[in-house]
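Engineer: Chains A and B are the protein sequences, given in the same order. In terms of numbering that gives the first Met the number 0, the first sequence opens at residue 0 and continues consecutively. In terms of numbering that gives the first Met the number 0, the second sequence opens at residue 0 and continues consecutively.
None of these hints come from the bench; they were simulated from the model. As the structure is a prediction and not an experimental result, all values here were calculated from the model. Hints may contain errors.
[Unchecked claim] Taking lysine-lysine and the DSSO-like style, the derived pairs with C-alpha atoms no more than 30 Å apart in a straight line are: (1) LYS196(B) / LYS32(A); (2) LYS101(A) / LYS156(B); (3) LYS95(B) / LYS288(B); (4) LYS156(B) / LYS207(B); (5) LYS203(B) / LYS82(A); (6) LYS196(B) / LYS178(A); (7) LYS53(B) / LYS258(A); (8) LYS95(B) / LYS335(A); (9) LYS398(B) / LYS32(A); (10) LYS93(B) / LYS82(A); (11) LYS335(A) / LYS405(B); (12) LYS87(A) / LYS288(B); (13) LYS156(B) / LYS278(A); (14) LYS207(B) / LYS297(A).
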Amino acid sequence: MVRTCCAAALAWAAAALAAPPADLAADIAALAKPGPDPAVTRAAWDRVTAAGAPVLLPLLAAWPDEDPVAGHWLRTAFDHIAKAHPAKLPEKDLLAFAANDKANGKARRAALAALERARPGTAARFLAERLNDTEFGPDAVAERIAAADALSDPAAQAKLLRDTFAAATDLEQSLLLAKRLAGTGDAPDLFAHFGAVRHWRAVGPFPVSPEDGLAKSFPPETKLDFAAEYDGKAGKLKWARATADPGDAKLDVAKYGIKPDDGAVCYATATIKLSAATKAEVRASAVDNVTVWVNGAKVLERASEYRSMFRPDRYRAAVDLPAGESVVLVKLTKTKAEEVRGKPGAPVRWDALVRFVSPATGRAVPFTQPEGK
Amino acid sequence: MRGLTFVCALAVPLLCAADWPQWRGPTADGVSTETGFPTEWDGKTGKNVRWKVKLPGAGNSSPAIAGDDVILTASSGRAHGDLHVLCYDRGTGKQKWRTDLTATPADAPFSMFPPERGHAASTAAVTERASVALFGTGDLVCVDRGGKPLWVRALAKEYGVIRNDYGIAASPVIAGDTVLVQMDHLEGSYLLAVDLKTGKNRWKTARKFAYDNWATPVLAQVGGETQAICLGTKYATGYDLATGTERWRVEGLERLCSCTPIVRGSTLYAVSGPAGAVLAIDLSAAEPKVLWKSKKVGPFVPSAIVANGLHFTTDDQGTATCLDLKTGAEKWRERVGSGRMRPSPVAAGGLVYFTALDGTTSVVKATDEFEPVAKNPLGEDVAASLALSGGHIFVRGDKHLWCIGK
């Protein structure tokens, strides 16, 4: 995919402008794949920046997807030239490059930033048309949220928020939009929007010390038997149905009597059903530790003796979801708390959020949850 | 004393006395040997404001001053994906150059704590020839004094995503021809030493016991060798500057270490939080020992000040405490700020400047009896620490860079 994008972008740049002379092309390649000696890379940088505006597009086209160091060399060279020669910017070509969603997203941003410097207002006009753009979509959403805030007509405001919510892929932006929409009387479905699991079964807390909880396995990891009972800290543990909060899609197991004591372990499981096999990315967030299995395979694990705060979409892994039913199992482990967490008097929570999205677009993978499972 | 002089020479290569070239200034302790800094100003009326300029991005990093340059870092854009190294003329505030970089994707955008956080919490370190900037994304950048790149690193790409629940704030430290970076986070902390000229690793030492911390390392002579001393996750730890080998570890700190320690002679003064004690650690032997430990008066975020044989701190709610440097005995405890305190205090000319998050700086005498001198509103939130240089005070506000003075 990365190679395809780069090749497409290079071909596009070659078509847009005459290719740079061979020595300059070698220098641009040296920036795109920096060698071990930064003095050599810097010498190439000096020669490239001396070449001026003709190398602007080739610099952007050379930007690789997975090398931030190359990105730094290329961007600084691009900016240096663009600032030194504002009257010679190939504005049409830069705008076309920024609009090319097959090109490197960061290079597209550099192109747009140069245009915005040259002609303030360009970015706002550009973003107005990029709501579904994988790179600029969140920027366009932010612009629309600001535009909605400025509207005085409640109906127009609600419509703009609704349309924007439908396009939003960023979790925090989507939550913000859902909250605003709830204020207008709408009830947006965050589960469908996020690809988040709504219906769960949960069991816990299992009796372990903080030190044991990370390494110790319990029966749900080997067999899911919803009729089984397990020894718990205070009597027998049974599976209970649990539903994530429609306001934020988080599953708070504390609501179901599973107390987040130091070192506590609990499990939550769900069945999801897809109409077709899909390559997906599972994104999981939890307070402290989280392990995720999909169809019996461990796909993601954060296991540390040290605490961690809930950060949206913090842990990610690629998964192949088959057509039909898939079983998701989540293990949550609390680390030892060294001080009271949260605001004094606030309800105790033990949150987790698990969702499945397209790795290409960040949009929800559509699935259903079979009744009774 | 000879050791201290040597360490300072290492830390500030070939710069002028009036420079403030790194986090906490030329001696890494927030103290200026200059005098004659303003004691009164008002950002709202313009009293004693020489200039102010709007900043292109967010950040809690402090200004570094070298020659005519004021160097600052910032981040902006969607998810703070644009990183900036900025240079302003110290006399006029005019922007001299600006180098923009594209951030390595981060663990999380840090937008939940005001002022807006972003990825620019670490203060740049500046030498005669170069500025080194570290961002919370792990992007470590060295540019020449004209802003052109000399070398760049992407530490998250090399060593894994940086997961610090509040972002990285430790500043890079230049020790001779070595740049030190303390990267403490939830999954794989380390202390890194790289060659200032090439950016290549000299050594990298894992800090397996350390998690989220924000303190900047300091340099000291311990047992006849130059060491980097790091605070983090309950310990002060000494590392041989030449090899990165851990030499000693002293327990007694709190779990979260935000404050940069202070070296005075052969003693290290360390604070940690929240509500941790102040520790004085004897560095005169190869195995450092705790000399004294105060009652629980330590700050969480602002580092301490040592001046006139006294130790000054503020807690995060604005209550300052003065301790005797030799014994740790409390001299006074007074409120110096309303609301939260985030910037670390600075000192010069027998005065200590305590700045609160609301931008108000309280000036008090550095004496063993509480004696307030002035209270100066800025009219803008301030989370960064003040920089003192050439008779001027440089303040990085939430939206502007300010120069206070005539």
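Engineer: What hints, given by number in increasing order, does this structure fail?
Structural biologist: 3, 5, 6, 7, 8, 9, 11 and 12
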